[in-house]
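Here are the chains, one letter per residue:
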Amino acid sequence: MPLTALSSPGEDERWRPVQERIRQLGHRPDALIEVLHVAQEAFGYLGPDALAFIGASLGVPMSKVYGVATFYSHFTFRPHGEHTCVVCTGTACHISGGAHIVSAVQVRLGVAPGETTADGKLSVLTTRCPGTCSLAPMILLDGAPIGPVSTEDVLARLEVL
Amino acid sequence: MTDVLRATALVCQAASCLAVGSEQVLEALAGRIAQSGLVDVAVKRVGCLGLCAAGPLVRIDPTGALCERVRPESTDGLVAALRDAGPTAAPVSSSALFFARQVRVVTENCGRIDPEDLDDYVASGGYRSLRTALTSMTPAEVIEQVRRSGLRGRGGAGYPTGLKWLTVAKSSGEGKYVICNADEGDPGAFMDRCVLESDPHRVLEGMAIAGYAVGASKGYVYCRAEYPLAIARLRTAISQARQAGLLGVHLAETPYGFDIEVRLGAGAFVCGEETALIASVEGKRGTPRPRPPYPAAAGLWGRPTLINNVETFANVPAIIRRGGEWLARIGTEKSKGTKVFALAGRVVNVGIVEVPMGTSLREIVDDIGGGVVDRRPLKAVQTGGASGGCIPADYLDLPVEYESLTAIGSMMGSGGMIVMDDTVCMVDVARYFMDFCRNESCGKCIPCRVGTTQLHMLLTRIANGAATLTELAQLERLCGTVARTSLCGLGQAAPNPVLSTLRYFREEYLAHIRDRTCPAGVCPVAQRKVVP
Numbered sequence: 001m002p003l004t005a006l007s008s009p010g011e012d013e014r015w016r017p018v019q020e021r022i023r024q025l026g027h028r029p030d031a032l033i034e035v036l037h038v039a040q041e042a043f044g045y046l047g048p049d050a051l052a053f054i055g056a057s058l059g060v061p062m063s064k065v066y067g068v069a070t071f072y073s074h075f076t077f078r079p080h081g082e083h084t085c086v087v088c089t090g091t092a093c094h095i096s097g098g099a100h101i102v103s104a105v106q107v108r109l110g111v112a113p114g115e116t117t118a119d120g121k122l123s124v125l126t127t128r129c130p131g132t133c134s135l136a137p138m139i140l141l142d143g144a145p146i147g148p149v150s151t152e153d154v155l156a157r158l159e160v161l
Numbered sequence: 001m002t003d004v005l006r007a008t009a010l011v012c013q014a015a016s017c018l019a020v021g022s023e024q025v026l027e028a029l030a031g032r033i034a035q036s037g038l039v040d041v042a043v044k045r046v047g048c049l050g051l052c053a054a055g056p057l058v059r060i061d062p063t064g065a066l067c068e069r070v071r072p073e074s075t076d077g078l079v080a081a082l083r084d085a086g087p088t089a090a091p092v093s094s095s096a097l098f099f100a101r102q103v104r105v106v107t108e109n110c111g112r113i114d115p116e117d118l119d120d121y122v123a124s125g126g127y128r129s130l131r132t133a134l135t136s137m138t139p140a141e142v143i144e145q146v147r148r149s150g151l152r153g154r155g156g157a158g159y160p161t162g163l164k165w166l167t168v169a170k171s172s173g174e175g176k177y178v179i180c181n182a183d184e185g186d187p188g189a190f191m192d193r194c195v196l197e198s199d200p201h202r203v204l205e206g207m208a209i210a211g212y213a214v215g216a217s218k219g220y221v222y223c224r225a226e227y228p229l230a231i232a233r234l235r236t237a238i239s240q241a242r243q244a245g246l247l248g249v250h251l252a253e254t255p256y257g258f259d260i261e262v263r264l265g266a267g268a269f270v271c272g273e274e275t276a277l278i279a280s281v282e283g284k285r286g287t288p289r290p291r292p293p294y295p296a297a298a299g300l301w302g303r304p305t306l307i308n309n310v311e312t313f314a315n316v317p318a319i320i321r322r323g324g325e326w327l328a329r330i331g332t333e334k335s336k337g338t339k340v341f342a343l344a345g346r347v348v349n350v351g352i353v354e355v356p357m358g359t360s361l362r363e364i365v366d367d368i369g370g371g372v373v374d375r376r377p378l379k380a381v382q383t384g385g386a387s388g389g390c391i392p393a394d395y396l397d398l399p400v401e402y403e404s405l406t407a408i409g410s411m412m413g414s415g416g417m418i419v420m421d422d423t424v425c426m427v428d429v430a431r432y433f434m435d436f437c438r439n440e441s442c443g444k445c446i447p448c449r450v451g452t453t454q455l456h457m458l459l460t461r462i463a464n465g466a467a468t469l470t471e472l473a474q475l476e477r478l479c480g481t482v483a484r485t486s487l488c489g490l491g492q493a494a495p496n497p498v499l500s501t502l503r504y505f506r507e508e509y510l511a512h513i514r515d516r517t518c519p520a521g522v523c524p525v526a527q528r529k530v531v532p
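Chains as they are written, first to last, in the working numbering: chain A, 1 to 161; chain B, 1 to 532.
By construction, these hints were calculated from the structure, which means they are not laboratory data.
Check before you lean on any hint, since a few could be wrong.
Here are some of the chain B residues that sit facing chain A, going by a computed Cβ distance under 7 Å [as the list claims (entries may be wrong)]:
{"no.": "1", "residue": "188"}
{"no.": "2", "residue": "190"}
{"no.": "3", "residue": "193"}
{"no.": "4", "residue": "225"}
{"no.": "5", "residue": "266"}
{"no.": "6", "residue": "424"}
Straight-line C-alpha distance at most 20 Å; calculated SDA-like pairs for lysine to any residue [said to hold, decoys possible]:
{"no.": "7", "chain 1": "B", "residue 1": "284", "chain 2": "A", "residue 2": "38"}
{"no.": "8", "chain 1": "B", "residue 1": "218", "chain 2": "A", "residue 2": "30"}
{"no.": "9", "chain 1": "B", "residue 1": "170", "chain 2": "B", "residue 2": "301"}
{"no.": "10", "chain 1": "B", "residue 1": "444", "chain 2": "A", "residue 2": "63"}
{"no.": "11", "chain 1": "B", "residue 1": "284", "chain 2": "A", "residue 2": "21"}
{"no.": "12", "chain 1": "B", "residue 1": "284", "chain 2": "A", "residue 2": "70"}
All values reported here derive from a predicted model rather than from experimental measurement.
Just so you know, even glycine gets a beta-carbon here, dropped at the ideal spot from N, CA and C.
Start from the sequences, fold in the hints, and give me the full structure.
What follows is the structure, given as structure tokens:
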């Protein structure tokens with residue numbers, strides 16, 4: 001049974017691309033992953049209201065929406081910090097010192113991959129190879145690929161954020 | 001601008017070069033040319049020029065001079081090169097060899113055409129194969145050409161493409177599907193990214209020809225979300241092709257219709273497995289199911305479905321244009337055509353290379369790759385990603401083909417090739433890939449879900465210098481169990497990196513266990529004696 005009321009998008013402009021994609025794909029249940037992508041792009045994460053609204057719009061039960069969304073590592077359920085530092089853990093980066101970058105950042109800032117600093121300034125994440133191995137070892141700082149980087153480089157860049 | 005151009009600067013606008021500022025180079029160069037008053041030279045956005053390690057790259061057409069590491073603030077040399085249409089920054093010797101040894105079929109347009117311009121693709125012969133297939137060949141004749149070419153699946157398993165097409169074509173029923181697997185999940189593999197960013201229409205054309213051959217009218221490209229530029233260029237290409245009547249209800253004014261949509265992956269390696277990929281396209285959790293039935297009989301929405309990888313589809317227009325026998329003349333007896341590799345790791349010329357099947361690893365690593373960084377000793381070449389293995393330096397003269405790589409405990413895989421030198425520890429590499437498989441296991445079957453976790457734990461104990469020889473035996477036994485009893489390829493192949501490193505680098509494992517040392521100095525081996 002479709003959910004109603006509780007997940008009305010209201011006036012927030014950010015819902016527009018989500019609703020548009022739902023319409024484009026004909027409110028079909030199989031559009032779930034596509035719509036989750038658009039919602040995460042619009043809001044930066046998938047909150048409970050977004051998941052409920054998408055489920056209700058596509059006729060997918062909440063349990064299934066949650067099951068699908070949590071299966072895929074691309075989706076995140078908490079907002080990221082003001083900045084994001086994504087460290088590549090692909091093979092080329094790993095053998096060129098990428099593994100040290102993750103642990104050094106963790107030691108210096110006290111945040112494990114997937115976590116955000118207490119002041120909400122920085123989220124540290126890892127990725128399995130965006131396929132730009134000529135930059136190894138590389139990071140994505142606020143989405144911009146940077147490499148090759150040393151551990152010191154990364155720490156210095158994070159220091160001045 | 002005059003009609004006849006004296007020279008064109010081809011500026012790479014694919015992900016690796018963009019990451020080091022090639023967009024700024026393009027802008028700066030266009031500005032400088034406008035200032036200089038030259039009217040018969042042009043600047044063109046192109047896809048991957050191949051030698052990613054030396055980006056941003058600019059090639060001067062027609063002289064062919066390759067300018068490496070171009071800075072936006074110093075484009076004067078380039079302007080002079082265009083004016084004189086002669087080489088300035090002459091290619092260094094290593095990069096000359098880089099190009100000389102390659103044979104380009106799949107990547108023939110990469111770095112030559114504008115990936116966002118349909119006309120440029122058409123001008124280089126694009127969509128002619130589709131027209132030929134639609135207007136002068138029967139579906140059976142198309143399949144026959146693919147079969148004659150000897151093309152085998154480039155996603156890694158190497159299943160004969162013609163046979164797969166024939167099976168789907170023979171499957172009865174309406175509403176068949178064609179799916180392009182662009183979920184390039186192996187870490188260190190970026191061949192498909194290169195093709196999609198550089199020549200997206202080629203993949204669409206291959207899919208449309210496949211659709212005609214097997215009797216499908218709908219196709220999906222399942223592309224990983226980590227490739228935003230590839231996705232954007234695919235979407236652009238699809239809408240251009242629709243507008244030009246090359247996708248849609250009536251392709252090229254024929255009764256045959258075929259349309260393509262993009263579906264995004266969301267960071268699940270297992271979705272490279274075909275049944276998991278289908279579940280994901282259907283909007284579900286990407287978990288595999290037992291086969292049979294194979295997708296050729298019951299795939300997407302239970303309909304017969306053809307799934308091929310990006311590189312496989314990209315071979316198709318060339319096969320139709322030049323004939324199956326033409327491709328079959330390239331390569332070896334059992335592995336025909338070329339293979340695109342993403343050369344990465346501790347090698348000088350990191351980039352995209354395309355070579356005839358049967359080329360030796362030595363040619364790829366030493367001649368094309370320019371050898372190991374800092375001239376350090378080569379230890380191993382890793383192929384096949386998390387499902388493959390490490391090939392030791394002794395086997396460098398091995399011809400690269402499906403059977404030869406499998407015979408020595410590795411596999412062709414999708415084409416990632418990571419060069420490893422003596423600073424790399426093989427126990428650490430095995431542990432790294434097991435960590436990857438453990439994280440990516442979908443959890444559906446126990447051997448993979450539990451087995452990869454246990455294998456990772458054993459490898460961690462070895463890396464920490466805490467393991468005994470009994471545990472090494474346990475590791476080998478468990479590898480066999482996981483390989484034999486897992487549901488899909490992810491689990492079945494997960495032990496490969498362990499088994500291949502045990503086969504060729506057993507002494508390194510023993511050093512960690514007996515001597516509590518890591519010969520490469522990578523692992524955190526404990527110095528203390530372990531309580532039994």
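Violating hint indices (sorted, rising)
none
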